[in-house]
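Trainee: Let the hints inform the model, and build the full structure from the sequences given.
Protein chains in written order, with our numbering: chain E, 28 to 220; chain S, 416 to 734.
I should point out that these hints are in silico values taken from the structure, not numbers from a laboratory.
As the structure is a prediction and not an experimental result, all values here were calculated from the model.
C-beta atoms are modelled at their ideal positions from N, C-alpha and C, and glycine is treated no differently.
Errors might be hidden in some of the hints.
[What the hints assert, rightly or not] Label pairs and their calculated CB-CB ranges:
{"#": "1", "chain 1": "S", "residue 1": "Asn-544", "chain 2": "E", "residue 2": "Gly-193", "range": "39 to 47 Å"}
{"#": "2", "chain 1": "S", "residue 1": "Asn-545", "chain 2": "E", "residue 2": "Pro-192", "range": "48 to 56 Å"}
{"#": "3", "chain 1": "S", "residue 1": "His-500", "chain 2": "E", "residue 2": "Ser-180", "range": "42 to 50 Å"}
{"#": "4", "chain 1": "S", "residue 1": "Asn-548", "chain 2": "E", "residue 2": "Ala-128", "range": "34 to 42 Å"}
{"#": "5", "chain 1": "S", "residue 1": "His-702", "chain 2": "E", "residue 2": "Arg-189", "range": "28 to 36 Å"}
{"#": "6", "chain 1": "S", "residue 1": "Glu-526", "chain 2": "E", "residue 2": "Arg-61", "range": "56 to 64 Å"}
{"#": "7", "chain 1": "E", "residue 1": "Gln-204", "chain 2": "S", "residue 2": "Gln-539", "range": "48 to 56 Å"}
{"#": "8", "chain 1": "S", "residue 1": "Asp-430", "chain 2": "E", "residue 2": "Asp-100", "range": "12 to 20 Å"}
{"#": "9", "chain 1": "E", "residue 1": "Gly-193", "chain 2": "S", "residue 2": "Val-700", "range": "35 to 43 Å"}
{"#": "10", "chain 1": "S", "residue 1": "Asn-548", "chain 2": "E", "residue 2": "Asp-100", "range": "45 to 53 Å"}
{"#": "11", "chain 1": "E", "residue 1": "Ala-128", "chain 2": "S", "residue 2": "Tyr-716", "range": "38 to 46 Å"}
{"#": "12", "chain 1": "S", "residue 1": "Ala-432", "chain 2": "E", "residue 2": "Ser-180", "range": "37 to 45 Å"}
[To be verified] Which residues of chain S face chain E? A few of them, derived with a C-beta cut under 7 Å, are:
{"#": "13", "residue": "Glu-419"}
{"#": "14", "residue": "Leu-423"}
{"#": "15", "residue": "Pro-433"}
{"#": "16", "residue": "Val-435"}
{"#": "17", "residue": "Ala-437"}
{"#": "18", "residue": "Met-449"}
[To be verified] Straight-line Cα separation of at most 20 Å, DMTMM-like style, residue types lysine to aspartate or glutamate; simulated pairs:
{"#": "19", "chain 1": "E", "residue 1": "Lys-46", "chain 2": "S", "residue 2": "Asp-728"}
{"#": "20", "chain 1": "E", "residue 1": "Lys-46", "chain 2": "S", "residue 2": "Glu-425"}
{"#": "21", "chain 1": "S", "residue 1": "Lys-579", "chain 2": "S", "residue 2": "Asp-728"}
So you can see what is in the structure, the chains are spelled out below.
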Amino acid sequence: MTLTRTQADTDADLIEQAKRAPERFTAVFDRHYRHIYAYAARRLGPDLAEDVASETFLIAFDRRNRYDRSHADARPWLFGIASNLIARHARAETRRYQALARTPAANVVDGDADAIAGRLDARAVRGRLAAALEELSEPVRSVLLLVAWAGLSQAEVATALRIPPGTARSRLHKARQEMRRALGTADRLEGDE
Amino acid sequence: MMDEITMLREAFGPDAAPSVTAETRARTALVERMRPRRPGRHRKTAVALAAAAAIAVTATVTVRSLGHEHPSAQRVTANVLPFAHPANVAQYFENAAWTAERRRWVDPRPEQFMYTETVELRNQRSYENNNPNGALVPGKTENRRVQQWNRVDGQVQAEIRGGKLEVVQRGGNVTWDRLKWADISALTTPEKVANWVDHPDAAFSVELTAMIGQYVLPPKVQAAIFRYLAQQPDMRLNPDAVNIDGRPAIGLGRVLEGYLAQELLFDQRTYALIGERVVAIADHVTHGDDADLVSHKGDVYRQVLYTKMIIVDRPGDTQ
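Mentor: Dropping the structure here:
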């Protein structure tokens, strides 16, 4: 059998093909490795991210026969595997946030009056966010960061972590509240939703 | 108003990009995983390679140690590993192989001896006698030093028993099973190891992880075995195994009977082989005729530290 890749191949197509022709899985790697690495690096730093990202694809490859091909996009599946691996390094992640919380941001709010009036400079509050992330429980933090840093939707996060959608929703709500509290914007933003 | 999700995205800077080396390593590991594996390589039956020694008629002698250091003593001389941050089992084994290859070694003469010295964590004898198959019980354990000598040509064995050296010569009614040195020393590549495991001598079934602890293997052979194990599909990594003497260790091995992890232990920094252990990784009940054997996740059944594996000139020599 000859398998040819087309632009239209979804992740599900590639994984399905990889069941018969394992080398097709490298296309999944090529599509998503950098995103998985970037996500892991934000949570754990570059050294552990290298381990986590590599292991994510080895595990995914081993489990390719169990992939639910009704999900065309493999990102939730891959980020779910990565999240489980990251959870094993909870202490390293905590230390990372502690370090970031102590490190002053390189850039603070500039003197642009409009900018000051209209928005907070996120970089200036990195330390506060890092301190708040450290305080979150790992399951709650995972939901928040899969949305914020992996770019998954709430429904995709539920799929990734294999939790009910309602659980993902409540964890995200709690996490966002904590972030607002850390930023001192809780009162203003509560009314925005 | 910028919301907290956007702030999280912006505050921690742009996405980090992996190094080319990291990406290449990860892709190589994945491609390596895709290689077809030969069936039937992972035998789980242990070999009682030296167990028959118990039937031997023993003679007790005392041998004076010459006290000189043999050039084959384990010594890691290099410190740049192929994978600084191994990401998977195969990479860990490759690091271990790389380290093993750097041991100093001189091929032994047939009349020299393999000296293995281990420290086993065991339950105290009174408890062990009543619970021979039980897990190690915290607070009831003791360390036992085991010293054994096996002549390279397989004709003589020796052991310290009750503080005395007992030496046994093969002959007459005294015999035991031992792998031939010529066969072992020929296992210099993973392919040769695979062939040997797939076509065992009729007298033996081979458990490589047991062999590693019972024979003083040439560096090339040990490395080939590690590389062979790296290719096995059921190998698993325990990055946080704790060694018998408190040193952090990496555990690499396979799961037996669905709940027992049989692991070789490697030094976390140098990847030198330092021991072995068997630990339960899940709760399990084994139903027996007279009683059930209950295992709890985390129970340790065997823990051995390899303190010396060298070639010496005669029984009793320890360096």
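Trainee: Which numbered hints does this structure break?
Mentor: The structure breaks hints 1, 3, 4, 12, 16, 19, 20; every other hint is satisfied.
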